[in-house]
Amino acid sequence: MNDKGKIIAGIIIFFVIATFPFWFNMFLEKGPAPELVLTPQAKAAEKCVRETEFMTANHMQLLNEWRNSVVRNAERIYVNAEGKEFNMSLSNTCLDCHSNKAEFCDRCHQYASIEPYCWDCHIDNPKETK
Amino acid sequence: MEDSRRQFLKIAGVAALGMGTARAIDVVAASEGHGAQPHVRKGDDALTAKQWGMVIDTAKLDHERIERMIKACHSTHNVPNISAEKVGEKVAKRHEIKWIWETHFHNAFPGLGSNYMSEEVEERPFLVLCNHCEEPPCTQACPTQATFKRADGIVMMDYHRCIGCRFCMAACPYGSRSFNLRDPRPFIEKTNPEFPTRTKGVVEKCNFCAERLAVGQMPACVEASDGAVVFGDLGDPHSEIREVLREYYTIRRKISLGTNPAVYYII
Amino acid sequence: MLEYAIKGDKKYYGWIAVLLGLIGVGFAFYLWQLKFGLGITGLSRDVSWGFYIAQLTYMVGVAAGGVMVVLPYYLHDYKAFGRITILGEFLAIASLIVCMLSVLVDLGQPMRVLNVILHPSPRSMLFYDMLVLNGYLLLNLIVGWNVLQAERNGTHYPMWVKPLIYLSIPFAISIHTVTAFLYCGLPGRGFWLTAILAPRFLASAFAAGPALLILLSLIIRKVSNFDPGREQIQTLAKISTYALIANLFFFGCELFVAFYSGIPEHIDHIKYLFVGIHGHGVLVPWMWSSMALMILALVLLIPPITRHNEGVLAVACIMLFIGAWIDKGLGLISAGFVPNPLHEVNEYMPTFPEVMITIGVYAVGALVLTILYKITIGVKQEVRA
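Residue numbers (the numbering used here), protein chains in the order written: chain A, 1 to 130; chain B, 1 to 267; chain C, 1 to 385.
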């Protein structure tokens with residue numbers, strides 16, 4: 001058992017590689033936080049379905065709750081704390097106001113390296129036949 | 001040496017499990033935390049029922065009307081047309097997606113006819129679709145409840161939960177379900193932006209136009225049928241559909257299987 | 001004990017390399033399937049289950065067949081099987097891995113497979129299939145490893161292993177019964193809707209499993225110093241023979257019920273398999289070959305003089321295995337779907353990518369089996385030394 005040196009060296013190398021995502025960003029120039037563009041419609045509405053901090057952190061959970069409510073319980077109207085009502089639909093409500101996907105949704109998603117597959121079904125179809 | 005290494009691994013494993021459980025509990029607890037004030041409700045003009053059902057007066061169906069009905073359904077719901085021109089005849093047949101389609105008596109009702117039937121009925125076009133059975137074998141088969149029977153009787157698809165195992169397709173005694181063997185988007189002729197398309201790898205079928213019922217509209221095929229189809233609540237004894245069922249003799253597909261289909265046919 | 005698996009000769013590493021190559025190729029085709037969709041297979045709207053699920057169905061039987069070594073030894077004290085129960089258990093592990101991978105490559109949305117656990121559906125047979133397949137895999141891993149380890153250390157296995165061994169016996173029956181229940185509970189599929197489907201599955205499992213075990217035992221005897229034993233192989237052969245008789249008898253019962261009663265719903269699917277309908281009959285030569293293989297295997301297995309000759313026995317086992325595979329794999333699945341519920345005929349044949357992915361899956365199973373058997377042989381050789 002004279003391999004102690006090699007083993008410890010191996011563990012250290014493994015540790016460095018395994019924690020790469022955590023320390024790599026610390027020492028490098030990050031790009032600026034993404035700047036989101038609101039459509040005139042979104043600006044006029046001032047508040048989204050819920051508060052901005054909530055939407056930024058939890059829009060995916062909200063969409064999941066919306067889907068279960070619409071598909072499983074046949075309930076399609078969302079009433080927020082202020083009593084404002086929304087039709088629970090990604091394509092028809094969210095994307096109606098935020099119709100500028102490339103300057104809104106994509107900006108944060110690209111920054112955080114997320115590729116949601118929502119767009120496989122819930123936006124316009126660029127591959128359409130005609 | 002042997003034992004203490006094993007001990008260490010055992011303790012590490014339990015510790016990892018314990019730490020993981022704590023995180024999991026935190027995540028679950030947090031998601032419940034954002035206030036009880038927002039709530040959901042049905043729309044004001046939403047149509048509700050105990051069991052939606054349909055009566056098709058087959059004598060009123062001609063090819064032109066049927067084509068209109070199929071087109072109404074398939075275009076509203078972005079059902080792809082995987083045509084022979086694009087992929088060849090064999091592949092087009094294999095990859096076909098259809099929610100409602102035309103067939104003949106002997107196919108819609110196998111075993112029911114005879115060799116001496118009226119020629120007119122033998123040649124008459126019949127429309128078949130998901131029967132939204134009261135005892136659906138498909139929802140029983142689904143291992144994730146991605147397909148399930150809703151409170152209003154509609155057998156729904158949750159395309160997000162579907163794992164594409166196709167057990168429901170094996171279970172359906174009527175062949176009502178289609179599977180997306182490939183990306184459907186290139187084969188959609190005109191996308192309806194108000195209804196999502198589907199992705200490859202999930203099963204789909206007629207949904208009795210749940211999204212239209214929710215805003216007070218009749219299903220697309222019923223509207224396009226121009227009176228040939230009556231749609232309503234089988235659970236309401238005073239509904240039009242119950243009147244029709246009392247007045248006419250109707251048949252349903254494969255009733256001996258006990259599925260109790262909600263689609264009736266007047267011959 | 002894992003170190004036995006990395007100490008091998010050139011032929012061993014050559015075989016591993018071949019398997020890794022096949023796995024790589026299969027994986028490449030699978031990546032294509034993930035990108036394009038299941039449309040690269042021969043599956044269709046009508047025949048929605050095909051080659052992949054056929055492998056699940058057949059290999060679940062082979063996995064259950066492992067119980068045919070465990071049961072006589074642990075329940076009935078048939079001491080001779082003591083040296084080869086481990087072979088049965090490890091074969092079960094490899095077969096189950098092939099089963100579960102076959103299901104995984106068949107899914108349209110494999111990344112969502114955990115939904116089966118997140119949303120338990122106690123009325124769905126697939127839910128129970130997931131439970132019992134994983135349960136049986138776990139049982140075999142724990143029992144096999146501990147028993148082998150004890151043999152290596154020259155001790156008796158720990159007492160807590162015993163109840164797990166006893167548990168594995170009903171589990172073995174359950175994995176194949178649940179898999180049969182996937183099919184025989186579907187009201188719309190007349191070919192599968194028969195009470196004898198589960199018994200037929202078990203019969204073909206107890207024929208095919210031991211047959212494969214015999215072949216593997218003969219191979220082990222050739223490539224190593226460990227001899228599973230002549231008596232053991234002969235007992236396995238007897239088990240296989242009776243199970244094959246039962247399998248063919250059950251099929252005969254099916255034929256009688258269908259053709260004597262004359263009910264079209266029952267006749268049509270069998271007709272499709274053996275003579276074709278409406279001019280479609282791509283499986284006809286396959287089914288007749290399958291019957292020929294199984295009957296010929298029986299002709300060689302029944303008379304003791306041919307059964308005792310291990311060369312002839314090997315040929316009989318190969319014929320049995322392939323014949324049962326065609327019948328239970330290709331035949332069973334296709335015939336359930338053809339003709340479709342509207343009495344239309346749309347046939348199915350696997351495509352090249354589909355076959356390559358399947359070969360990749362089998363190669364994974366073969367790799368697991370090779371490694372586990374290498375460890376077993378290593379232990380046995382060391383103990384006998």
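Think of the hints as simulated: they come from the structure by calculation, not from any bench. Just so it is clear, the structure is predicted and the values come from calculations on it, not from any experiment. Beta carbons are placed, not taken as given, at the ideal position from N, Cα and C, and that holds for glycine. Some clues are possibly wrong.
Heads up, simulated DSBU-like pairs for lysine-lysine below, C-alpha to C-alpha not over 35 Å straight-line [said to hold, decoys possible]:
1. C:Lys-35 with B:Lys-190
2. A:Lys-47 with A:Lys-127
3. B:Lys-10 with A:Lys-127
4. A:Lys-43 with B:Lys-190
5. B:Lys-190 with A:Lys-47
6. B:Lys-50 with A:Lys-84
7. A:Lys-127 with B:Lys-50
8. B:Lys-190 with A:Lys-127
9. B:Lys-71 with C:Lys-11
10. C:Lys-271 with B:Lys-90
11. A:Lys-101 with B:Lys-71
12. A:Lys-30 with C:Lys-271
13. B:Lys-93 with A:Lys-84
14. C:Lys-222 with B:Lys-10
15. C:Lys-271 with B:Lys-93
16. A:Lys-127 with C:Lys-10
17. A:Lys-4 with B:Lys-71
18. A:Lys-101 with B:Lys-42
19. A:Lys-6 with C:Lys-11
20. B:Lys-86 with C:Lys-35
21. B:Lys-93 with A:Lys-127
22. C:Lys-10 with A:Lys-4
23. A:Lys-6 with C:Lys-162
24. A:Lys-127 with B:Lys-149
25. B:Lys-149 with C:Lys-7
26. B:Lys-149 with A:Lys-84
27. C:Lys-11 with A:Lys-4
28. C:Lys-271 with A:Lys-6
29. B:Lys-86 with A:Lys-43
30. B:Lys-90 with C:Lys-11
Short, incomplete list of chain B residues facing chain A, as computed with Cβ under 10 Å [to be verified]:
31. Arg-41
32. Gly-43
33. Asp-57
34. Ile-154
35. Tyr-159
36. Glu-194
37. Pro-196
38. Lys-200
39. Ala-210
40. Leu-213
Taking the hints in turn, this is what the structure says about them:
1. C:Lys-35 with B:Lys-190: Holds, because 24 Å separates the two Cα atoms, which is no more than 35 Å.
2. A:Lys-47 with A:Lys-127: holds, 34 Å
3. B:Lys-10 with A:Lys-127: violated, 54 Å
4. A:Lys-43 with B:Lys-190: holds, 31 Å
5. B:Lys-190 with A:Lys-47: Between Lys-190 (chain B) and Lys-47 (chain A) the Cα gap is close to 33 Å, so the pair holds against 35 Å.
6. B:Lys-50 with A:Lys-84: holds, 30 Å
7. A:Lys-127 with B:Lys-50: Outside the cut-off at roughly 40 Å; violated.
8. B:Lys-190 with A:Lys-127: Answer holds: Lys-190 (chain B) to Lys-127 (chain A) is near 10 Å, not above 35 Å.
9. B:Lys-71 with C:Lys-11: violated, 63 Å
10. C:Lys-271 with B:Lys-90: holds, 23 Å
11. A:Lys-101 with B:Lys-71: holds, 31 Å
12. A:Lys-30 with C:Lys-271: violated, 69 Å
13. B:Lys-93 with A:Lys-84: Violated, at about 48 Å.
14. C:Lys-222 with B:Lys-10: Distance ~39 Å between Lys-222 (chain C) and Lys-10 (chain B) Cα, so the pair is violated.
15. C:Lys-271 with B:Lys-93: Status holds; Cα separation ~23 Å.
16. A:Lys-127 with C:Lys-10: violated, 53 Å
17. A:Lys-4 with B:Lys-71: Not OK: Lys-4 (chain A) and Lys-71 (chain B) at ~74 Å, beyond 35 Å, violated.
18. A:Lys-101 with B:Lys-42: holds, 29 Å
19. A:Lys-6 with C:Lys-11: holds, 31 Å
20. B:Lys-86 with C:Lys-35: holds, 19 Å
21. B:Lys-93 with A:Lys-127: Holds. Lys-93 (chain B) to Lys-127 (chain A) sits at ~21 Å (cutoff 35 Å).
22. C:Lys-10 with A:Lys-4: holds, 31 Å
23. A:Lys-6 with C:Lys-162: violated, 42 Å
24. A:Lys-127 with B:Lys-149: Holds, at roughly 33 Å.
25. B:Lys-149 with C:Lys-7: Status violated; Cα separation ~57 Å.
26. B:Lys-149 with A:Lys-84: holds, 31 Å
27. C:Lys-11 with A:Lys-4: Distance ~34 Å between Lys-11 (chain C) and Lys-4 (chain A) Cα, so the pair holds.
28. C:Lys-271 with A:Lys-6: violated, 68 Å
29. B:Lys-86 with A:Lys-43: violated, 44 Å
30. B:Lys-90 with C:Lys-11: violated, 45 Å
31. Arg-41: holds, 5 Å
32. Gly-43: It holds, given that the least Cβ distance between Gly-43 (chain B) and chain A is near 5 Å, below 10 Å.
33. Asp-57: Interface hint status for Asp-57 (chain B): violated (28 Å vs cutoff 10 Å).
34. Ile-154: The hint holds - Ile-154 (chain B) has a Cβ within 10 Å of chain A, the shortest such distance being about 8 Å.
35. Tyr-159: Holds, because the Cβ-Cβ distance from Tyr-159 (chain B) to chain A comes to roughly 7 Å (cut-off 10 Å).
36. Glu-194: Nearest chain A Cβ about 6 Å off; hint holds.
37. Pro-196: Hint holds; Pro-196 (chain B) Cβ to chain A Cβ min 4 Å, cut 10 Å.
38. Lys-200: Holds, about 8 Å.
39. Ala-210: Result: holds, 7 Å to nearest chain A Cβ.
40. Leu-213: With a closest approach of 8 Å, the Leu-213 (chain B) hint holds.
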